[in-house]
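Undergrad: Put chain S on the given structure of chain B with help from the hints.
Number of protein chains: 2
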Amino acid sequence: MKNSVELVKTQLARIDLPPNGLKLEKGGQLAELVVAYETYGVLNNQHNNAILVCHALSGDAHVAGFHENSTKPGWWDEMIGPGKGIDTDRFFVICANILGGCKGTTGPSSPDPASGRPYGSKFPQITLGDIVDVQHLLLRHLGVKRLYGVIGGSLGGMQVLEWSLRFPEMVDRCICIASAASLNAQALAFDIVGREAILSDPQWEGGDYYDTGHLPAMGLAQARMIGHITYLSPQKMETKFGREKSDAAEPLKKFNTRFQVESYLHYNGRAFVDRFDANSYLHITEAMDSYDLEERFGSLDAAFAPVRAKMLIIALSSDWLFPPEQSLEVATALLRNGKQVSYCLLDSPHGHDAFLLDIAHLTDAVQTFLCPAPPPVAVSAEETARAADRARIRRMVAPKARILDLGCGDGQLLAELADSSAARPHLGIDIDLDNIVAALSRGLDVFQGDIDNGLGMIPDDSYDYVILSQTIQVVRKPRLVLKEMLRVARAGIVTFPNFSSLGNRLSLSFNGRMPISDTLPYAWYDTPNIHLATLKDFQDLCRLEGIRIEELDCLSDCPLGLGLIKLGLPNLGADRVLCRISRLQP
Amino acid sequence: MKNSVELVKTQLARIDLPPNGLKLEKGGQLAELVVAYETYGVLNNQHNNAILVCHALSGDAHVAGFHENSTKPGWWDEMIGPGKGIDTDRFFVICANILGGCKGTTGPSSPDPASGRPYGSKFPQITLGDIVDVQHLLLRHLGVKRLYGVIGGSLGGMQVLEWSLRFPEMVDRCICIASAASLNAQALAFDIVGREAILSDPQWEGGDYYDTGHLPAMGLAQARMIGHITYLSPQKMETKFGREKSDAAEPLKKFNTRFQVESYLHYNGRAFVDRFDANSYLHITEAMDSYDLEERFGSLDAAFAPVRAKMLIIALSSDWLFPPEQSLEVATALLRNGKQVSYCLLDSPHGHDAFLLDIAHLTDAVQTFLCPAPPPVAVSAEETARAADRARIRRMVAPKARILDLGCGDGQLLAELADSSAARPHLGIDIDLDNIVAALSRGLDVFQGDIDNGLGMIPDDSYDYVILSQTIQVVRKPRLVLKEMLRVARAGIVTFPNFSSLGNRLSLSFNGRMPISDTLPYAWYDTPNIHLATLKDFQDLCRLEGIRIEELDCLSDCPLGLGLIKLGLPNLGADRVLCRISRLQP
Chain B
971 MKNSVELVKT QLARIDLPPN GLKLEKGGQL AELVVAYETY GVLNNQHNNA ILVCHALSGD
1031 AHVAGFHENS TKPGWWDEMI GPGKGIDTDR FFVICANILG GCKGTTGPSS PDPASGRPYG
1091 SKFPQITLGD IVDVQHLLLR HLGVKRLYGV IGGSLGGMQV LEWSLRFPEM VDRCICIASA
1151 ASLNAQALAF DIVGREAILS DPQWEGGDYY DTGHLPAMGL AQARMIGHIT YLSPQKMETK
1211 FGREKSDAAE PLKKFNTRFQ VESYLHYNGR AFVDRFDANS YLHITEAMDS YDLEERFGSL
1271 DAAFAPVRAK MLIIALSSDW LFPPEQSLEV ATALLRNGKQ VSYCLLDSPH GHDAFLLDIA
1331 HLTDAVQTFL CPAPPPVAVS AEETARAADR ARIRRMVAPK ARILDLGCGD GQLLAELADS
1391 SAARPHLGID IDLDNIVAAL SRGLDVFQGD IDNGLGMIPD DSYDYVILSQ TIQVVRKPRL
1451 VLKEMLRVAR AGIVTFPNFS SLGNRLSLSF NGRMPISDTL PYAWYDTPNI HLATLKDFQD
1511 LCRLEGIRIE ELDCLSDCPL GLGLIKLGLP NLGADRVLCR ISRLQP
Chain S
971 MKNSVELVKT QLARIDLPPN GLKLEKGGQL AELVVAYETY GVLNNQHNNA ILVCHALSGD
1031 AHVAGFHENS TKPGWWDEMI GPGKGIDTDR FFVICANILG GCKGTTGPSS PDPASGRPYG
1091 SKFPQITLGD IVDVQHLLLR HLGVKRLYGV IGGSLGGMQV LEWSLRFPEM VDRCICIASA
1151 ASLNAQALAF DIVGREAILS DPQWEGGDYY DTGHLPAMGL AQARMIGHIT YLSPQKMETK
1211 FGREKSDAAE PLKKFNTRFQ VESYLHYNGR AFVDRFDANS YLHITEAMDS YDLEERFGSL
1271 DAAFAPVRAK MLIIALSSDW LFPPEQSLEV ATALLRNGKQ VSYCLLDSPH GHDAFLLDIA
1331 HLTDAVQTFL CPAPPPVAVS AEETARAADR ARIRRMVAPK ARILDLGCGD GQLLAELADS
1391 SAARPHLGID IDLDNIVAAL SRGLDVFQGD IDNGLGMIPD DSYDYVILSQ TIQVVRKPRL
1451 VLKEMLRVAR AGIVTFPNFS SLGNRLSLSF NGRMPISDTL PYAWYDTPNI HLATLKDFQD
1511 LCRLEGIRIE ELDCLSDCPL GLGLIKLGLP NLGADRVLCR ISRLQP
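If you read the sequences in order, they're chains B and S.
If you count the first sequence from 1, position 9 lands on 979 in the numbering used here, and the numbers rise without skipping.
If you count the second sequence from 1, position 54 lands on 1024 in the numbering used here, and the numbers rise without skipping.
This is chain B alone, in the form it adopts within the complex:
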C-alpha cells in the first residue's frame, strides 16, 4: 500500500468571479479567489468518475502521492492511489485547500487586493457553506460537472454533509467520516479555549500581526496542544506516552516536566506555528463551531430533505471529539427522510485521528461502498437448505414491499428480496462490522447496531415488512424486539428454532441433556441462543402482545418431523418455524 511514487504538484486556480466578487454567507465578500488543489487519475469522457476529498482543520490539498524532492506523502496517501481504497486507476480524485486556509487558497494571510498587504483583521467571516461553494467553483473551473463521490473526515465530513444538501443533483455518493451535523458542547468548549489562547496572546495584535515581525506563537501553540489532546483517545494517549519520561539532559524550566506527553505537546504546538496561520485557525474553527444544520433548517430531518446521494456515515469507536452518537444522529435523520443511507462504527483505539491512521479498516468500508461487488454464491448442502428457507420467506413477502431485515448478516436474504422488489428503501441492521461490509458489497443500505437497544431511529410504519430470521433467540430482549418490529411495519416475518421438536424432546427426556442439533448446533455453555422457545411459547407471546400470526410454515429436515406436522402436530414435528405476523387492529 505504501509504495505509491506518484509525483504530484499543488496547482493554483484563479477563479473567475463576478464583477463585485464572491459574496459570502455572512455578508462579507472577496474580490479575488485563488484555490490551491491537486488531482490524481484522469477524468473520463462520461465525467462520472470524479471524487472530491475534503480535508480537516489543518489539512491541505496535498492528499496523496509525493511532491518533487520530498519523501513526505500526502496526508491520506494510504487511502488514495493506484489500487488503493480510492483507486486512482479508476477515479479522478480532486482535493483543494479550503477557503480561509493558509496553504494556497485565499485566506486571512493572502494579500488583500485593496491594499496589497495581508487581509489580517479585514478577512471576512466565512462559513462551511462558503467553503463548499468555493469547492463548487473550483469544479466548474476544472470542467467537472458531476461527482461520483465526496468524502471527508472531521471538518471534512461536515463539508461532505454540506455538499449532499447544497448540491444534491451533482453528487452520487457521500462518505462522511468521524463527523457531525454540529459540534457538541464539549467540542465547542475546547475550540473556545483554544481561540481564547490566541486572542489573549498580545502578539496577535487584533489579527494584524503579519507586518509586525512576530506571531501569536504562544497562543497558537497553546490552541494546538489542546487540539492534540482531543484528537487522541485516552487509551491511545496511555499506550503512546503513559507516564514515561524523557531523559533529555537540558535543565527544565520551572513547572515544566519530563513527561513525554509534555514533549509531544510542546513539539506539536511549536511545529504547528511553523506551518499554520493563527488567523486561519480562528476563522476555520469559527466556521466549524457555527455549523449547525439543526439550527439552520429547524431540524436535521428538514436539513437532509433535499439529499439525493447514497450516503455512508462512518463513526470511530474511540472518537470523543466527534463521538459515534453524533454520526448516528446524522445517519438516522437521513433514514427518517427515506434516504439511502448506511452507518457503520469502526472499532479503533486511535480516537478521532483514526480516520488518518486506521486506513486498513476504513478502506474496507470505503472501497465496498464506492465499488460494490457481490461475493460469489457459495455452493454447499447447508447453503442449499438456507436458500430453500430464503425462498419461503420471499414467497411470504408481497411484491414491491419496503423491507427491514433485523440481524441481516451478510445481506444475502435482503439482496434477494430487494432484487424482486421495485420499492425503496430497504435496510439491513446487523451488530457485526464484517457483515455490514459484506452487505455494502451487495450495494445494500445497512446500519450497524444492536437491535436489543430498540429501533428508536426508525419512525412508525416506515416499512412493509420487518424480517427477523433466526435472530429472536439470540437477542436479550425478544419481547421488545417483536414490539418494535410491528411498530415500524405492519407485518413481520419471524423464523426461529422450535425447542419442542421431537428430537429436542427426546434429547432432554431420554438423553438428559440440552439438545444439540442442526438447528441448535451449540453446547449449552457457549450457545448464542439465549432465549429459546417452542412454537406454542411463541404463539402464547403473540397472543399476549396482540400479534396475529397470519401465516405459519413449520419446517423439518426429516420425514418423521414432516409427517408429524402433516398430522397436525407442528409443535412436535417442526425443527424450525417461519411465520408472518401482523398487528391486531386495536
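Take every hint as true, because none was put in to throw you off.
Because identical chains cannot be distinguished in the list, a pair is counted as satisfied if it fits within a single copy or across any two copies.
Subject to a maximum C-alpha distance of 25 Å in a straight line, what follows is the list of computed SDA-like cross-link-like pairs (lysine to any residue):
# : residue 1 : residue 2
1 : 1453      : 1485
2 : 1280      : 1385
3 : 1073      : 1111
4 : 1073      : 1027
5 : 1453      : 1493
6 : 993       : 1260
7 : 1447      : 1491
8 : 1073      : 1185
9 : 993       : 1225
Treat the hints as calculated values from the structure; they're not laboratory data.
Computed from a prediction, not measured in an experiment: that's the story for all the values here.
TA: Coordinates of chain S only, in the frame set by chain B:
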C-alpha cells in the same frame, strides 16, 4: 439534608516546628507553618471518632456548615453534618486547607519569614507526601491520635491513599473517591497545557507578581477553563449547555461566541482568578502530576503493602479525568495484597464533579461503610428454603476458609460463611450497586464488577473456596467463569437449576412449552437464565475442563423428586444441584 445551620469558623493553627523548620520531600524547607482548618462535632474521650476530610485542587478547609454572615455552605455540606452521610453527631470531622494552597495554610502567597514578603518564586516544591505530613502535624497539634476514617475525592483521594500507606497504624478506614494512584497521560496533558497558559502569561513574572499590581489572570483563567471542561462529563455538558446561546445585548468581541458554554467558561475562569492564586495552582498541580505510587514503590502492590485500614474505593461512571479503571487498579492492587478492600462504581451523569454533586448516591456507600448495620433477617417460606440451601453450602465449606462469592447478592451467604470462619479475607463480587451497598452494610468486603469479564484482578490460588450460587445460568460465559473460579481457588461450590428435572421434562414433552417452575420462574422471553443446563451437561463440561466433582447434593422440593434422587436418578429428580468441585491434578 440542606437545613444545616451549624455556624463554623476557619481556625489557624501555628504548628510548632523543629528549629530548622519543616523539611520537605524534594529538599526544600519551610521556617514557619500555618494550617487553616475547621472542625465539626466533638472528639470523644476514646479518641476513636475522628474523621479527616481531604479537599481537592481548589477546595479549602470550609467543608460544611456556614460562616457567620454567609449563606454559602461548605463545599461538602450535603455530606457532612448532623444526621448526614458523615454524621457530626457521631463523628469529629476535621478538614484543613492543604500545604501550598491559598486559603490560610502556608503557600506561595504566604509571607516568607526571611523577607516578610510573599514567597512567590521562592516557595519550595511540594509533594502529596508533604501535604499529608502537614495534615499529620495538624492532628498532633489538635491532640488527635487516631483516625476512624480519612475521606476525599480527586486530589483528596490521592491524599487518602497516601494516608493509608504513610501512617498505616493511625487510620482505621479510608474512602478514596474518583481518584487514582497517579494521573493518566490524558489528565497529565490537560495539567501541562493549563500550567503552560500560566507560565506563558507575561504577568506571571516568573512567579513574583504579588508586588507588581497585576496578576497572571489570563493564564490562570485559561487553565481553569480547561479544568472545567474536564470536570464535567460530555453528557452533562450537553444537557447543561448543548449549543444554547445567550441573548445578551452587549456586542461580541471578534471570534467570541454567544454559546452559553463560552459564558460559563469565561465566568468560571474569571471567578477563579478572584479566589485562587496562580502559584498555588502551579505548585499543587505539580504535586498532583508527580504523584506516582507505582514509580515510587516499583509497583502498586509494593506501595500498598503497609496498608492496615479497611479501604473503600469509589469510582464515578462518567468521570473521564479520573476514569473508573484507575480506581479499579487501586482496588485490585489492595486486593492482591490481601487487604480489606471494597470497590464500587457509582452511576452518575455528572463526570468527575459527581463527588461534589451526586451526594445522595455517595451517602449510601459512605454511610454503610463507616457505620455498617446488617439488615433485619426476612421471614418467609422462600427465605426458609434459601436458608436451608445456604446451610448446605456452609456444610461443604471447611472451617477457617478464605471465601470468594461470585454474584454475592446482598451478601447474606457470605456473611454467614464469614461468621463461621476466622480466616480473612473474604470477598463478594456483584454487578449491582444496591447489592454492593447491602453487603457493605454487613461489614463485608465487596467488589462491584461483571464476572463475565473474568477475574483478572484476583491472583491464582487467593481463596480456598469460590462460590457460584445460582449464578452460572445467568452469565454470558459460564465456561470462562468456571475456569476462573478454579484458577483463583482450589475448590468451588456451584449451585444451579437442573433443566432435566422431571417437571421440566414433562413441561416440554406434554405441555410443549419451556418450563416455568419455582427454580425457573421466568417466561422464556424475559428470563435472565441464558445458559441452562442439566446435571449431565454440567458433568460433561466438568469432564471436558478437567474439573472433579467432589461432592454432589441433588435437591428437590417435592417427594417424587426426592424419591427419584434416592433411586439413583438425580438428573431426573433434582430441581437444583449443589456441588463442590476442584481441579484435577495435572
